[in-house]
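Please model the complete structure; the sequences and the hints are all you need to start from.
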Amino acid sequence: MRIAYVASEVHPFSKTGGLADVAAALPGALAELGVEVTVFSPCYRSAASWLAVHDMPGEELTLPNPLQIGTSRHDVSYRFFEYAGRRAVLVINPRLYDRSELYVDDNGRDYADNAARFSFFCRAVLEYYLHLDDPPDLFHANDWQAALIPVYLKSLYRHPRFIHTRSLLTVHNLGYQGLFPADQFSVTGLPAALFDPAALEYWGQVNLLKGGIVFADAVTTVSPTYAEEVQTEGFGMGLDGVMRAHRHKLTGILNGIDTREWDPASDPHCPAAYTADNLAGKRACKRALQQRLGLPVRPRTFLVGAISRLDAQKGIELIFEAFPRLASLDVQLVLLGSGARALEAQARDLAAAYPQRVAVVIGFDEPLAHLIEAGADALLMPSAYEPCGLNQMYSQRYGTIPIARATGGLADTVHDASAERLAEGTASGFTFHAFDAGHFTDAIRRAARLYFDEPKVWNALVVRCMQIDHSWAKRARAYLRLYEQLLAARPS
0 MRIAYVASEV HPFSKTGGLA DVAAALPGAL AELGVEVTVF SPCYRSAASW
50 LAVHDMPGEE LTLPNPLQIG TSRHDVSYRF FEYAGRRAVL VINPRLYDRS
100 ELYVDDNGRD YADNAARFSF FCRAVLEYYL HLDDPPDLFH ANDWQAALIP
150 VYLKSLYRHP RFIHTRSLLT VHNLGYQGLF PADQFSVTGL PAALFDPAAL
200 EYWGQVNLLK GGIVFADAVT TVSPTYAEEV QTEGFGMGLD GVMRAHRHKL
250 TGILNGIDTR EWDPASDPHC PAAYTADNLA GKRACKRALQ QRLGLPVRPR
300 TFLVGAISRL DAQKGIELIF EAFPRLASLD VQLVLLGSGA RALEAQARDL
350 AAAYPQRVAV VIGFDEPLAH LIEAGADALL MPSAYEPCGL NQMYSQRYGT
400 IPIARATGGL ADTVHDASAE RLAEGTASGF TFHAFDAGHF TDAIRRAARL
450 YFDEPKVWNA LVVRCMQIDH SWAKRARAYL RLYEQLLAAR PS
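Taking numbering that gives the first Met the number 0, I'd label the letters of the sequence shown as residues 0 to 491.
Misleading hints may appear alongside valid ones.
Only pairs whose alpha carbons sit at most 30 Å apart, straight line, appear in this in silico BS3-like list of lysine-lysine [stated by the list, open to error]:
no., residue 1, residue 2
1, K14, K248
2, K473, K248
3, K248, K153
4, K473, K14
These are computed hints drawn from the structure, not numbers from a lab.
Below, the structure written as structure tokens:
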């Protein structure tokens, strides 16, 4: 089986969020199952720098004919090489991709030509298979940046070479849809008839993700609960009707995590290793975290962490509201993240108000993220919605108990530590349902009581979480079954 895996970011070449981690890990897990995978992504400035630093052997090739994207013509070039057991193909176009950020300018505004940038990317992927290689059995496209792949296959690229090729679109977050003004539809090169409510038109705008959902042979979300939620008005982000109309081809498959990169027994970013059988190293990591961030080193303090984009989706304001209500408890908070300037300012204000109890680092720091996962006692994830979430799975692997709102993938992976579940050995965190600071505070208090009053039960919960299998091997088999079903249904 041959799969073309198409993603707008892939770790370590480029990254703004969890998509990059998924696009790095899932193709590798599929390759270990015998699938031939080629990963496509743009050659951003960060990717070009990574290739230069690592002196990665490979070759470049430019197609003889440029592509017309709106009023501009663009050469189609590729850099391809073998990496970590699969073939990688980076689409080169300095005019479109040699920029400081992937999707937004230095002021945080979307690039004005994003529709053109990712129309070109999708077409370049298809051109690769028209000119340089046999077509794959299936295109696995991810999010709005690659959502035109299924649309093109059934319109502009309805070609004999692709007659048996299927398409699957994974929606990682329905909050990001690729919405553009109507006058940018022309840059896609699609027939004018597709600017229609039954296709890509959405309240007078172009909606690339909607087009992908409509035209793909199958659609997945990144957790089973999120697959149900996106069909409701509360979580559908205006596309709930579209999702319900296509529910017959909708499946929820949980993301996994890279258990080699995230392993407390061998993590190079942590000062001490530990396992479920010997937790002494976790105590050393807690001490190191407190020292690094200037907090009083107290081994029995309940240290909670948060690693997050600072935006409304992540429920960060609930943390700011909840922490003052915990003043009577011996609790410390460490927060790592960046995002909305107003939330960054609130985070700094909280740290200033509680200098001995709160430490805030604005930005992204991969080694510090690992140290927080290892050194904290619990991790806060009060998300308004969460398609899957990875940090709760990282934290479970590191024996750091997630305290999370029961939504999306959090509901699928974090099972509340009720008395019954603790007795059964099936608990894996603390959850709350209503999106408000009161219920969130109650969940933190329940966790703190167990930590302070019943340390043996707490340690048993830590061990239980560390034993959960969140590896990509398990998730890749679910994708492989779905691929096989799609290919079995192809017309002969």
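K248 paired with K153 [C-alpha distance capped at 30 Å]:
Holds. K248 to K153 sits at ~17 Å (cutoff 30 Å).
When you check the alpha-carbon spacing of K473 and K14, does it fall within 30 Å?
The hint holds at about 24 Å.
Given hint K248 paired with K473 - CA-CA distance at most 30 Å:
Distance of about 21 Å is within 30 Å: holds.
Restraint check for K14 with K248, where alpha carbons must lie at most 30 Å apart:
holds, 29 Å
Violation of the numbered hints given earlier is absent; every hint is satisfied by the structure.
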